[in-house]
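All chains should be built: construct the whole structure from the sequences, respecting the hints.
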Amino acid sequence: MPRSAARREGSPFTGIGPVYLKELADNLSSIRMLVLTLFIIVFGAFPVASSLQQLRTVVGSDAFLFLRIFTIEPEQVPIPFVQALNFIIPLMAIGLGFDLVNSEFNRRTLSRVLSQPLYRDALLLGKFLAGITTLAVAMVALWLIVFGAGLLLLGLPPRGVEVARGIGFLVVAVAYGGVWLAIAMFFSVIFRSTATSALCSLGLWLFFFILWPMIAQAITMAFVPAEITSLDQFMGLQQLGLALQRVSPGTLFSEAVLGLLNPETRTLGPMLPSQMRGAIMGAPLPLDQSLLLIWPQVTGLIAGMIVVFTASYVIFQREEVRA
Amino acid sequence: MSDNVIEVHGLTKVYGAAHAVNAIDLTIRRGEIFGLLGPNGAGKTTTILMLLGLTETSGGTVDVLGFDPVRQPLEVKRRVGYLPDAVGFYDHLTARENLIYTARLLDIPRREADQRIMEALRSVDLADVADKRVSTFSRGMRQRLGIAEIVMKRAEVAILDEPTSGLDPHATFELLEMIRRLKKSGVAVLLSSHLLDRVQSVCDRVALFNKGRIALMGTVVELANQVLGAGHPLLVEATGIDVAEALSGTPGVQQVVPAGEGAWRVTADRDVRAEVARRIVTAGGALTRLADLQPSLEEVYTRYFQEARHAA
Ligand SMILES: Nc1ncnc2c1ncn2[C@@H]1O[C@H](COP(=O)(O)OP(=O)(O)OP(=O)(O)O)[C@@H](O)[C@H]1O
Ligand SMILES: [Mg+2]
Chain A
1 MPRSAARREG SPFTGIGPVY LKELADNLSS IRMLVLTLFI IVFGAFPVAS
51 SLQQLRTVVG SDAFLFLRIF TIEPEQVPIP FVQALNFIIP LMAIGLGFDL
101 VNSEFNRRTL SRVLSQPLYR DALLLGKFLA GITTLAVAMV ALWLIVFGAG
151 LLLLGLPPRG VEVARGIGFL VVAVAYGGVW LAIAMFFSVI FRSTATSALC
201 SLGLWLFFFI LWPMIAQAIT MAFVPAEITS LDQFMGLQQL GLALQRVSPG
251 TLFSEAVLGL LNPETRTLGP MLPSQMRGAI MGAPLPLDQS LLLIWPQVTG
301 LIAGMIVVFT ASYVIFQREE VRA
Chain B
1 MSDNVIEVHG LTKVYGAAHA VNAIDLTIRR GEIFGLLGPN GAGKTTTILM
51 LLGLTETSGG TVDVLGFDPV RQPLEVKRRV GYLPDAVGFY DHLTARENLI
101 YTARLLDIPR READQRIMEA LRSVDLADVA DKRVSTFSRG MRQRLGIAEI
151 VMKRAEVAIL DEPTSGLDPH ATFELLEMIR RLKKSGVAVL LSSHLLDRVQ
201 SVCDRVALFN KGRIALMGTV VELANQVLGA GHPLLVEATG IDVAEALSGT
251 PGVQQVVPAG EGAWRVTADR DVRAEVARRI VTAGGALTRL ADLQPSLEEV
301 YTRYFQEARH AA
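Each protein sequence line maps, in turn, to chains A and B.
Residues in the first sequence are numbered from 1 upward in steps of one, following the working numbering.
Residues in the second sequence are numbered from 1 upward in steps of one, following the working numbering.
It is worth saying that the hints were derived from the structure and are not from the lab.
The C-beta atom is built at its ideal place from N, Cα and C for all residues, glycine as well.
Misleading hints may appear alongside valid ones.
Unchecked claim - Stretch by stretch, here's where chain B covers chain A in the computed footprint (C-beta under 8 angstroms, at least three residues):
| hint | segment |
| --- | --- |
| 1 | 11-24 |
| 2 | 233-244 |
| 3 | 316-322 |
Claimed, not checked - If the Cβ cut is set under 10 angstroms, some of the chain B residues that face chain A in the computed set are:
| hint | residue |
| --- | --- |
| 4 | T46 |
| 5 | L49 |
| 6 | L74 |
| 7 | V76 |
| 8 | G81 |
| 9 | G88 |
| 10 | D91 |
| 11 | N98 |
| 12 | A103 |
| 13 | D107 |
| 14 | E156 |
| 15 | V257 |
| 16 | V281 |
| 17 | A311 |
What follows is the structure, given as structure tokens:
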């Protein structure tokens, strides 16, 4: 007799508030959070400082000075700040999420907590939202520091449109972090061992950053005919390559960020973002046009987050609570 | 309102092809202490988890305080306290903070929660370590904190899975005292355990689990009568006489077996102490001890599983 189909009573969100608040407090007061913050400072301070150094010389000639702090490639450091973030945000999210569920098993707290009036839904969602909030807090703090430093060193306030685009960037960054948080949580539901779960998340992260671009290229190459006869054919191949690249959340993030922080960006395909950095320098698009441009990327990130979260949810529902 | 807090009919749990719990019937009455006994893997924990709606049932019906744990788990969990085997708390939080989290999950207003938590911690002798981190707690203290959680919750039913496992004799004694106090405050207690003599001392009724079925259920005396046969076992110690010979032919005496140097075990179908003493003394023996042996759960348990194994 399939009993799981039985209708259950009571809101699935009962108890989500206390879970959320406890997890948030745990996150914000944990040593781990301190380490992760330190991480960001170490990785971010250098690109930001060198960008600012360089930008001081061009004050007045650039309309989007504050956005350039994020995007220009300083002379001394070969990576722009957003690229450092592209790399670090997943690490932060994994750091927050890799033991979200399995640590409750290992501490043997799960069955005790679930014997209180709440559904597993509330526990999982509460933990996830607390993780997202933590990421958001960290991002906002970072953002404020960058804009503050810009204000001090450049000696002029950001324009409204720069702030608006900056806020858009924050949203994209948090969604990007959310994808990786969901992935880390997924592994924490599957594996009882926190070490295994961390390893899998980090493995996937390395895979997407190092291996996937090569694989995507190899697959595209496999489709190249002996002779390219038309521009259409060429573009089709470009599209395929890009579509494959976009499986990686990092690609979606960098495209969305490019559209937001480089107002001159008019298209996100079929060329790769790395190729087009600084290549198209036309008149800047108005904000709404830029938003329209990056909309698919943002939806992609959010959809990815929801899909992975749902997968963990389904698995967690069927898991035995006993340790 | 019925007097049963838990009613279980034909409850079944299947893992793959194996029946972890096989069509059990069980009723727990208001205000009693009920013991679930049985060897490892008999299905005690599985039964408990189904009562709480923490694992899906494969068949049968469960009624806990008028609610169905499958469809109304929140209502059940609001009223039932659960102490899992090897209970865990958040190590980085203090005892009080751990209970505050539970109180929030139970939606108890903050001020009332503070008061209830202090009362609960006092009742399990943890008041003076209320603000110490749980990471510094011993096994016994964690177990007591688990009881405190149930007290704070004001549960109508307490379900304790192996509450005394891993505790030293003194800690066990204290914990059983707390369980008795729970009962006194009107809570029905369902507990599973391996410490049979301890269980015997607190339980009003017990159920003996074997391979997913309830083999025996009732008071300890009822079980003893069922398994060991009705009767009054006696321990006789005497010198200068063969007790077996002296007692042969005594009405009521069924069996006399030597139980060590100068000691015998006598089984009778009624109280034959006076007659036994008279016969030994008349036969010229010196009677040094004549004890009425309480039927022990341990004996029931051992005998039952011996017979079950023989039968298999
Ligand atoms: N997730 C699972 N998958 C398959 N079988 C399981 C699972 N959980 C428990 N079992 C089986 O169910 C049976 C009953 O287990 P249960 O934990 O209820 O026993 P128990 O009486 O509590 O034992 P113990 O005294 O060791 O705690 C065991 O044979 C066990 O192997
Ligand atoms: Mg068990």
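Hints, verified against the model:
1. 11-24: holds (count 7)
2. 233-244: violated (count 0)
3. 316-322: As far as the segment 316-322 of chain A goes, the hint holds, because 3 residues have Cβ atoms under 8 angstroms from chain B.
4. T46: holds (9 angstroms)
5. L49: holds (7 angstroms)
6. L74: Hint on B/L74: holds, closest Cβ of chain A at ~4 angstroms, below 10 angstroms.
7. V76: holds (9 angstroms)
8. G81: holds (8 angstroms)
9. G88: Constraint on B/G88 satisfied, holds at 3 angstroms.
10. D91: holds (7 angstroms)
11. N98: The hint holds - B/N98 has a Cβ within 10 angstroms of chain A, the shortest such distance being about 9 angstroms.
12. A103: Where the cut-off is 10 angstroms and the nearest Cβ of chain A is about 9 angstroms from B/A103, the hint holds.
13. D107: holds (8 angstroms)
14. E156: violated (14 angstroms)
15. V257: With a minimum Cβ separation of about 44 angstroms from chain A (threshold 10 angstroms), the hint on B/V257 is violated.
16. V281: For B/V281, the interface hint is violated, since the closest Cβ of chain A sits about 59 angstroms away, which is over 10 angstroms.
17. A311: violated (31 angstroms)
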